[in-house]
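A.B. asks: Next come the chains, spelled out residue by residue.
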Amino acid sequence: MSWLLILPILIPFCTAIPAFFAGGNAQLSARISLAGSAIGLVAALVLFCQVHDQGVIAGQMSGWAAPFGITLVADMLSAIMVVITAITGLAVAIYALGEIDDNQSELGYHALFQILLAGVTGAFLTGDLFNLYVWFEVMLIASFGLLIMGGRAEQIDGAVKYVALNLVSTILFVSGVGLLYGETGTLNMADLSRAVAEHPDQGMMVLISLLFMIAFGVKSAVFPLFFWLPASYHTPSFAVSAVFAGLLTKVGVYALIRSFTLIFTSDPGITHTILLWVAGFTMVTGVLGAAAQSDFRKVLSFHIISQIGYMVLGLALMTPLALVGSVFYLVHHIIVKANLFLIAGISEKLTGGSNLYKIGGLYGAAPLLAALFLIPAFSLAGFPPLSGFWAKYILVKASLDTQAWLIAGTALVVGLFTIFSMTKIWAEAFWKEHPDEITPEPPMDGTALWPRYAAVIFLALLTVAIGLVPQPFLELAETASAQLLDPSAYIAAVLGEPVEAAQ
Amino acid sequence: MEPLLAILVGAMVAAAIYLMLDRNLLRFLFGLILISNAANMTIFAAGRLTPERPPLVPVGAKAPLTDVANALPQALVLTAIVIGFGLFAFALVLALRAYDNLGTLDTSEMRLAEPRSENDT
Chain A
1 MSWLLILPIL IPFCTAIPAF FAGGNAQLSA RISLAGSAIG LVAALVLFCQ
51 VHDQGVIAGQ MSGWAAPFGI TLVADMLSAI MVVITAITGL AVAIYALGEI
101 DDNQSELGYH ALFQILLAGV TGAFLTGDLF NLYVWFEVML IASFGLLIMG
151 GRAEQIDGAV KYVALNLVST ILFVSGVGLL YGETGTLNMA DLSRAVAEHP
201 DQGMMVLISL LFMIAFGVKS AVFPLFFWLP ASYHTPSFAV SAVFAGLLTK
251 VGVYALIRSF TLIFTSDPGI THTILLWVAG FTMVTGVLGA AAQSDFRKVL
301 SFHIISQIGY MVLGLALMTP LALVGSVFYL VHHIIVKANL FLIAGISEKL
351 TGGSNLYKIG GLYGAAPLLA ALFLIPAFSL AGFPPLSGFW AKYILVKASL
401 DTQAWLIAGT ALVVGLFTIF SMTKIWAEAF WKEHPDEITP EPPMDGTALW
451 PRYAAVIFLA LLTVAIGLVP QPFLELAETA SAQLLDPSAY IAAVLGEPVE
501 AAQ
Chain B
1 MEPLLAILVG AMVAAAIYLM LDRNLLRFLF GLILISNAAN MTIFAAGRLT
51 PERPPLVPVG AKAPLTDVAN ALPQALVLTA IVIGFGLFAF ALVLALRAYD
101 NLGTLDTSEM RLAEPRSEND T
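Chains as they are written, first to last, in the working numbering: chain A, 1 to 503; chain B, 1 to 121.
Just chain A, with the same shape it has in the complex (with noise of 0.2 Å):
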């Protein structure tokens, strides 16, 4: 039981070792990545499986009997993100076999690149709050070595405020868990849950918990944490950004969820109120920064922000549905958003730039890609049929359940500005002439774009699925909202103890 709870981290690390030492050869350090990132996936599945069939599951490592050792657990959500993240490894590993050179595999692209698979699945998987930490570091560190790969000064500049940021948070963070310890006495994050709830001084839980909002907030760039965001994800190459986009602040958002449904739920009032507000402001800064922006990647990087404010909302609202929104809101956004930047990547590669006002052209010259683009970005924007309407729809429906008219229509006024940035993008990329009266066309050096269109394709026609055929989607995401609001299935998993005793 415990192997398939830990083949999805142990993977990744195996696969980085050879892509590693294979770094110097391009084509081969990317295939075994790729082979990687294609045995993670089929492992990930199989751990979906069990978990879908027989509820929660949880493995103690080494044998250490919970909350002594460290536990790995997978209810319902752990697992829908542990394949979504497998699913974007695999398609940003396809792409990278186009876009990463010599000299970036030589430099460990595709080590580091598995390390931070393993590092977001980690996170995912853990029981442990402590746990949870060291997965961050490992993730961070992975991504600090991403984004400042090829030492462009613009990826150090951008990287300086990230690393900053990223690690005042840690502390934080590192703080939280160190008090919460002290006083509850367990890291265990199911036995914290009554732990925290038997607690008798429940103004120092409301203040610890709040050190946990912080520290995650940035790590999801909610208002106002999110500066290091459009400051450093526009900087990388284009298969980092992707992976960055997709994964990295959604665990942030992952471990808010997780922490403000299972162990700081006592207090709503003042916990989830503050989510709440958060959640409104990140959805309207972040739209109204895209406004702003010219550069493809930095339109872009700002409606990450924009769209994590919606994921908030569903936590900040706690009812059934909410959570339904907000589950089914991370899997579609990882899907789309990756695949956004990916399409950033072909555009750039056709056009040679990534300011909006100086490219153009793409429509006559690559109408695929054109076709390519409307799809998450119609899906983002929230047009049926699809992910996108799909998300926002249940989120809007849960906010006018609980009368919470002005956070709904908050959300169905940015989901207009999104379509403004979209457009925005479509009428100066792909519609209007190339200023410099060139036509886009393939480089001459002869790189491949098949594996970039592959990799989008893969993406787009997961976004259309989602869309098409929701329904076994939704069942999934009420099934993990059911486990979030009631944890007692996770507490007995993890505890050893028979479920119907802890009912």
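Please note that a few of the clues may not be correct.
[Unchecked claim] For each label pair, taking beta carbons as the anchor points, the in silico distance ranges come out as:
1) G63(A) / V93(B): 38 to 46 Å
2) E437(A) / D100(B): 34 to 42 Å
3) A14(B) / G185(A): 26 to 34 Å
4) D106(B) / V464(A): 42 to 50 Å
Simulated from the structure, these hints should not be mistaken for laboratory data. We put the beta carbon where it would ideally sit given N, CA and C, even for glycine.
Given the coordinates of chain A, work out where chain B should sit on it, guided by the hints.
C.D. replies: For chain B alone, kept in the frame of chain A given last:
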């Protein structure tokens, strides 16, 4: 002992924040290492201080005979120190590269990734 540690941690955090508000990147990093050690001290103090009683089990016994110091927070601190050290080493090299590439350590001058005017790009 705990009040003394609490005051120490408070002073370290105050000094760290003062340093981190500086525009000089190097001073920011000094503040960062100071605050990360303040965090380590917090964990250490949160685990309760039990001086002169190491968590050792005497020969022949199966558990410590009296209350002993809690070893877990110290293990946590050790992990946090190692991770913090690695991250800090990276941040220092990054600062060096930033000085080489951008010619400044003044963070308000580092506007290459986000130029004040979009026409600068």
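A.B. asks: Taking the CB of D106(B) and the CB of V464(A), does the distance hold inside 42 to 50 Å?
C.D. replies: At roughly 49 Å between Cβ atoms, V464(A) and D106(B) fall inside 42 to 50 Å, so the hint holds.
A.B. asks: For the range 34 to 42 Å, tell me whether the beta carbons of E437(A) and D100(B) fit it or not.
C.D. replies: Since E437(A) and D100(B) have Cβ atoms about 39 Å apart, the given range 34 to 42 Å holds.
A.B. asks: Should the hint that G63(A) and V93(B) are 38 to 46 Å apart at their CB atoms be regarded as holding?
C.D. replies: Holds - the Cβ-Cβ distance for G63(A) and V93(B), about 40 Å, lies within 38 to 46 Å.
A.B. asks: Does the hinted range 26 to 34 Å hold for A14(B) and G185(A) at CB?
C.D. replies: holds, 29 Å
In this structure, every one of the numbered hints holds.
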